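K.L.:
Throw the hints in and build the complete structure from the sequences for me.
6 protein chains.
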Amino acid sequence: MELPLSALRELVARALDEDLGRGDLTTDACVDPRLEGHAVLAAREPMVLAGVDVVREVYRQVDADVRIDVKHRDGSRLAPDTMIATLSGRSASLLKGERVALNFAQRMCGVATIARAHVDALPKGSKTRITDTRKTTPGLRLLERYAVRCGGAHNHRNDLSSAVLIKDNHIAACGGVTEAISRAKAQAPHTARITCEVDRMEQIEPAIAAGADVVMLDNFDDRTLGEAVKLIAGRALTEVSGGVTLQRIPIIAAAGIDIISVGALTHSAPARDLALDWIA
Amino acid sequence: MELPLSALRELVARALDEDLGRGDLTTDACVDPRLEGHAVLAAREPMVLAGVDVVREVYRQVDADVRIDVKHRDGSRLAPDTMIATLSGRSASLLKGERVALNFAQRMCGVATIARAHVDALPKGSKTRITDTRKTTPGLRLLERYAVRCGGAHNHRNDLSSAVLIKDNHIAACGGVTEAISRAKAQAPHTARITCEVDRMEQIEPAIAAGADVVMLDNFDDRTLGEAVKLIAGRALTEVSGGVTLQRIPIIAAAGIDIISVGALTHSAPARDLALDWIA
Amino acid sequence: MELPLSALRELVARALDEDLGRGDLTTDACVDPRLEGHAVLAAREPMVLAGVDVVREVYRQVDADVRIDVKHRDGSRLAPDTMIATLSGRSASLLKGERVALNFAQRMCGVATIARAHVDALPKGSKTRITDTRKTTPGLRLLERYAVRCGGAHNHRNDLSSAVLIKDNHIAACGGVTEAISRAKAQAPHTARITCEVDRMEQIEPAIAAGADVVMLDNFDDRTLGEAVKLIAGRALTEVSGGVTLQRIPIIAAAGIDIISVGALTHSAPARDLALDWIA
Amino acid sequence: MELPLSALRELVARALDEDLGRGDLTTDACVDPRLEGHAVLAAREPMVLAGVDVVREVYRQVDADVRIDVKHRDGSRLAPDTMIATLSGRSASLLKGERVALNFAQRMCGVATIARAHVDALPKGSKTRITDTRKTTPGLRLLERYAVRCGGAHNHRNDLSSAVLIKDNHIAACGGVTEAISRAKAQAPHTARITCEVDRMEQIEPAIAAGADVVMLDNFDDRTLGEAVKLIAGRALTEVSGGVTLQRIPIIAAAGIDIISVGALTHSAPARDLALDWIA
Amino acid sequence: MELPLSALRELVARALDEDLGRGDLTTDACVDPRLEGHAVLAAREPMVLAGVDVVREVYRQVDADVRIDVKHRDGSRLAPDTMIATLSGRSASLLKGERVALNFAQRMCGVATIARAHVDALPKGSKTRITDTRKTTPGLRLLERYAVRCGGAHNHRNDLSSAVLIKDNHIAACGGVTEAISRAKAQAPHTARITCEVDRMEQIEPAIAAGADVVMLDNFDDRTLGEAVKLIAGRALTEVSGGVTLQRIPIIAAAGIDIISVGALTHSAPARDLALDWIA
Amino acid sequence: MELPLSALRELVARALDEDLGRGDLTTDACVDPRLEGHAVLAAREPMVLAGVDVVREVYRQVDADVRIDVKHRDGSRLAPDTMIATLSGRSASLLKGERVALNFAQRMCGVATIARAHVDALPKGSKTRITDTRKTTPGLRLLERYAVRCGGAHNHRNDLSSAVLIKDNHIAACGGVTEAISRAKAQAPHTARITCEVDRMEQIEPAIAAGADVVMLDNFDDRTLGEAVKLIAGRALTEVSGGVTLQRIPIIAAAGIDIISVGALTHSAPARDLALDWIA
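Chains as they are written, first to last, in numbering that gives the first Met the number 0: chain A, 0 to 279; chain B, 0 to 279; chain C, 0 to 279; chain D, 0 to 279; chain E, 0 to 279; chain F, 0 to 279.
Check before you lean on any hint, since a few could be wrong.
Repeated chains share a single entry, so a pair holds when one copy, or any two copies, can fit it.
Dumping the calculated DSBU-like pairs for lysine-lysine here, alpha-carbon to alpha-carbon at most 35 Å [said to hold, decoys possible]:
| hint | residue 1 | residue 2 |
| --- | --- | --- |
| 1 | Lys70 | Lys184 |
| 2 | Lys70 | Lys229 |
| 3 | Lys166 | Lys184 |
| 4 | Lys70 | Lys166 |
Don't read these hints as lab results, they were simulated from the structure. Note that the structure is predicted; figures quoted are calculated from it, not measured.
P.N.:
What follows is the structure, encoded as structure tokens:
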């Protein structure tokens, strides 16, 4: 559940360039550079925490002398008004990094929180896995996938090169499920699983016969989901994607589906309300 | 309302690197590179359009031979199932760029749509301006500010160097509103307006006396807003920030406030549902 | 078997910066910029071709007016003195891009050729797969993996995030094979297969029981390989890594091993002899 | 014999992005981040060492808390199983940086070792200089040239802007050796030497008369080499390039040639076998 | 008056890459890497200091062990032969960073010094402000604007996105001053002031009526300047741009102009003579 | 005398990012994107032209549809009000690229013009060469060295890796001229000339004896210069650096010095006055 620091550096540098790169007119005019201050990073509403290392890296790049004492670990469920961390150092530095640090953290906590909500919607003890999709914010996939994990959910394939996912267009281009899976099996690395999307019951058997590791059921209603699971009978993992709501998750899970992939974990997670509060 | 192409290139290159940079296992295995295809970029739900140039740039970088015929301009209000553009070219190229193009566009349309909703909440003929804030997605501020404009709203300052915004911490560091504004006036470029945040009525007069161009009213309830506007009496622009809901917008506008800045335009805009549909 | 152009651009730009970025003293002094020339990219020795798109991109960046007519496709087996492509355009441009184009192509052909040699060492009709490893040249993994495919071999996992490979240190850190595989299964994306390296027969059964998709046999001699395959009996893929020579490949394949991963495909492939010959 | 750290940083960052940038699935699943470990970087076969600063920089970027104690300096000849350095720190960090560190070092040691073999092939006390060429790995020229020096050989010109090297095409474009050298002398910086390649005896006198600093003898057999050296008689440096083997080096050196440039030092150096061994 | 370190890093890295990136032939050959040295950064002629943080960052990137003790702050007026800072550390490191450090500092001091000369040309107690323009060195705007402030002058808008400046072409494209200003007011962020350039007296009244915050007087002679100021009568700020000389500054200031923008502060500032002197 | 386009792309991209990257508030508000315009790039004062390819690249990146018709070649001497090029295309695009294009060109013409003045100060038929130094603008060395050549002067070594220049500190670190030159000769590439700076007559003979290719005479007055040239007697090139004025150039040249290196060509060249004039 680690964020690689080597990658974080560039993400943070780019964000600082965007907001602070040409200087902070207000702080430079109003705040004596020698003035020291203290602040608290606080959760204003309930949330699952994600992104403390990003906050750390923001301040490391703004001013390596800022000290940060983190009180909670990523993945923690926080009550409103929880103190996440204390920050001490030059007041000017605290002010300059504030917005960038919060912009990262509020989004990451947003993703973690919505991911957690989906995981919590599973029946107790369920082995069904909630995953993200590739519907992430351009440039921030690394952070959003990490936040998904902080929320207790899982990651789907990272990108187009990490695993095979055969969709209707690929099937059409090959002339059928069997041919598409065969080609993928022949060419893809043996370390990558092969998922085949099917939109009707008749495609399932050929997909399994051709060697699909995962059968993704597209637009199966609650009833046919169960039938599909029975037909597959453990010969492949089963995945449901599209049209997933919190309400439907227990039903899908009860049907015995292995994976529920949810674009909304990353494409529509509302930011959580975080703030940097100053200590007088 | 233009997106600078020079900046777009790098944003798109980075996003393609993230998703496609190491190749598309599935498409390379299943789709003959000579196969040609046609697809339609379609709006699946009502939305305000933003980002057609980004879609264009994505495909220009994936395969310059893909042809795109755009049917609607950014800023258009689209009904569900509107055809936004048609795309023709190698099927493999259409597939490889699809997710990145949609990830950009669904977010930009999301921001444009929520911005439009806020603007539409203003009373007819109102001169009040809805603006974004700096609560944008790290790395995507340029695109999100553009989308805000597509939705009919306005931009606030671009970054910490574009204008002065004096908040409570700056005031505290200076020892008072008057001193803070004076220092900012003395140091900031004359091309930048000076906004001073105030949280109680008594701070307004000193702020104006010291030369604030904009008075930002923090935590003023609906009643005191009106009093503040009367007190200011056109001597400065008035801005409300924080705690703004669609419901409260008509009330704030009716109080005569000039600017309502809304973080939610960018920090929590849900993605709009767009798809690339293939034409058989 | 495609190289993503979006990624190729930066690789080529960096290589040109390295060799040509500060100008070409000799060509600028000696060659009239209006002079046109013709050259042939030729194979001087037998090889498997890889990298024609890279040569194209090099010249596109040096001078977009250079015309390249490619006669053979990547993956072709070339006899000595085969004409791979003809190039026409400003002589100065042909000269300036020559070394960078050749430096890329000679390495890629080297990798493709050695990969092909390993594939050709397999018994006729064998289903055993020869793969690369992560022992690639820093910065050029994308190109080297592509060249491996041009040589008829396969790719192993792309990087540390693409699949799970549990080695002795991971096992030691977890306290055993079962625990290591269980943790990996619980945390890794379901799209990634799990490989477990074992160095003695007793570890095989626990690895399979814990759910390893691939068992990598480390330091098994030719005899015990066969026993291991029998023991595994199709319940997992079998991989041999380390100590693989061309001579040993038929033996390993005959033992029924599924995958033979060979670091030497990329870490020690000698460059193939390519040249740009001028046509008077 | 120093590697500029300022340049090293970006090379290492790019390599880490390639292998580790999206995280290490296995280590994150299996290794407790608090677990500390110790490892030894060891030479598995005889080699000349090159690249310890690169290993250091890799770990500095992965985890600045990893401590490295280096036992040998670049340029040292190492016997098999020599301990090059000990590494201590978080086990997870040691694992994450391992492959990138080894990928750099095994290549650099490979180049240094092959360079040393060529230097050692010179007769005792010989003043002949073995040099590299521009046939380096795209993106890694800095490291490979450094490794060449670690092996006791010398560098040729760094790139197209560092010195003049007139080849047959330049001569043809100018209409002759005299004109080509004159133009180069007139235009190139006075700090750059001028090398002129000749492929027959009659070109030598005009080249020297026109002011060539170095005469590069192309395709001269062992006998004519000696004649050429006599003809030149110290009026210019003499260089042999192309078709150089270890066996031929003493003969060329004995002929009195000043410089022997060898593409194989960098384009075909097999990686040396290095490993990171864990200390229980 | 702070330089954002986050932005400085990349500027310095790029400059080091340009000069030192491929190594320092001379120092590596001649200077024992263990040799320690001491040097003084000295002003050879009178100047206003700017850029000590850049010097610091240069050496931090070359060799973090170099110690720098700075004796004067940016903005100080220095007499000839003033010791600006002392540097201690490896002699080789001091030599390697010397030229890059000086190249930055001599330019920044040049800009600060010329800015100071313009500010000093103002009548005592004048409220007129001297500003820079966008006529800066490509890539170095951040540093040059900072140096302008070190010299006591002010910054104009940072870039095309920071404020509105309506010139003759914009007016022509809109059909008139009123329309141009109206459109700009309607679209630009409320935080940006609107400047309108006028080249004759009749344009002033419409510009103010339309809401210009600043009237930029183009080609007004000394007499008409005064008339313009009277006509404007404090309803807008007044700016003079173009054709400004040190001699004319008191006259312009005496006319009551608020802002004098001077391209020469950045486009033609001669470098100041700085040197790194070694202490035996 | 060519600028490598591969390198130019990034320089221009960075400059556009700096000025235009966040959009052009004024042009976007005032200029209809469909409006076409025509403009002339004109020299306002006498100058030597340099940088037309940079202007071309700026507009290629802003809007590839802008057409540029160049009337003069780099290196031409232009009278005031010379039309350098005509530009046609979208008015908005012409406006957006204007400042960046001019900022590059005015500096490059400035350098070319001052270089030309120094070359013109040489006696008719003189073989003395005027060169630049490493005192260039950080990040723009490539362009400034090119402009120096446009002005008829020559380039000195490009950077610390291109040639050897032994200064007093290097001599001190080695214990003497002989040792310093010997080490440099032994280690530097044979393609790089070795320059040794001397500050008194007694150092000259040892420098030549040790093999210096160039003797740089530091602080020699006009009389001793002649003596030094006589002493050296063609055994090495002679260079004068430091304290060079236009007035002194004929004297130095008459003394028979081969190279006069002048930092002022690049560190203090005032920008030349160029403008983009609109055609109604």
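K.L.:
All the hints need checking, so say for each whether the structure fits it.
P.N.:
Evaluated hints:
no. : hint            : in the structure
1   : Lys70 x Lys184  : between (48 Å within a copy, 30 Å between copies)
2   : Lys70 x Lys229  : neither (47 Å within a copy, 46 Å between copies)
3   : Lys166 x Lys184 : both (15 Å within a copy, 25 Å between copies)
4   : Lys70 x Lys166  : between (45 Å within a copy, 27 Å between copies)
In terms of the numbered hints stated before, the structure departs from hint 2 and from no other.
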